[in-house]
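Using the UniProt record's numbering, read the sequence shown as starting at 1 and increasing by one per residue.
Some hints here could point you the wrong way.
Claimed, not checked - Taking lysine-lysine and the DSSO-like style, the derived pairs with C-alpha atoms no more than 30 Å apart in a straight line are:
#1 220 - 151
#2 184 - 203
#3 90 - 184
#4 169 - 151
#5 62 - 142
#6 159 - 169
#7 203 - 159
Everything labelled a hint here was simulated from the structure, so no lab data went into it.
Bear in mind that the values here come from a model prediction, so they are computed numbers and not experimental data.
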Amino acid sequence: MKLQHNLGGLEGLDPVNTETQVFVEPWEQRIFGIHTAMMALSNHLGDSLPDYAIEEVPTEFKSFWTWGHLRMGAEGMHPFDYFRLRYYEKWLGGISGFFVSEGYITQEELDARTAAFLEDSEQAAAPLPTGGDPAIDAQVLKYLQKGDSPKRPLPAPPKFSVGDRVRVKNVSPGEHSRLPGHLKGHTAEVVLVYEGAFTYFFKTEDGIGVPMPVYSLAFKNEEIWPESLTEPNSLYYNDIFEVYLEAV
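Start from the sequences, fold in the hints, and give me the full structure.
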């Protein structure tokens with residue numbers, strides 16, 4: 001992962017945010033709801049598990065949007081902006097940029113609306129629109145209840161078994177990756193082979209996106225971090241896609 005997402009074991013990142021509230025500002029709940037609705041109305045759900053008749057839902061949102069897209073947007077941010085902005089500010093920026101790139105709104109419309117809210121605080125506190133389509137509401141509720149499973153039938157036997165020693169490959173992450181950067185090049189023991197195979201929302205440059213086995217690996221902490229940062233005889237566990245591993 002890129003610098004701002006590869007923080008395992010780095011020092012000097014204080015102060016640590018100990019905020020206990022999930023939502024600090026009311027607008028944060030709103031952007032969370034928008035993201036949830038986008039996932040629930042994403043056009044890929046017609047091919048997902050469980051089966052959704054998404055083409056029958058009367059929504060004007062016709063794009064592909066998942067947790068992976070939200071994460072990819074955060075990974076694409078400038079590191080300074082990533083550390084400067086609050087958690088849901090990153091969501092707001094990523095989702096706003098997505099709506100511009102997909103043509104739902106223009107950058108000029110977004111800038112004008114933002115300026116209007118900044119000039120008039122009462123406008124920002126105005127009641128939300130009412131109404132909506134019950135069929136859209138039903139789809140969002142169904143998605144919240146059933147989700148979008150990444151589990152698929154196993155296409156081929158797993159390459160590794162419990163007890164095997166494996167090494168994490170040193171692969172380039174490209175635009176987006178699910179490989180923790182601080183594990184590259186390190187060895188571990190396979191402690192669990194998950195049943196079935198697991199896909200990812202979309203294909204990435206470093207090899208995920210098609211169904212494959214996933215393994216739970218045990219790493220010796222002292223092989224990853226300095227001795228001063230670890231406890232004796234402790235282990236660090238991580239779940240890793242098969243494509244990121246090679247035999248020792």
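> Okay, which hints does this one fail, numbers in order?
Replying inline: Per hint list: zero violations.
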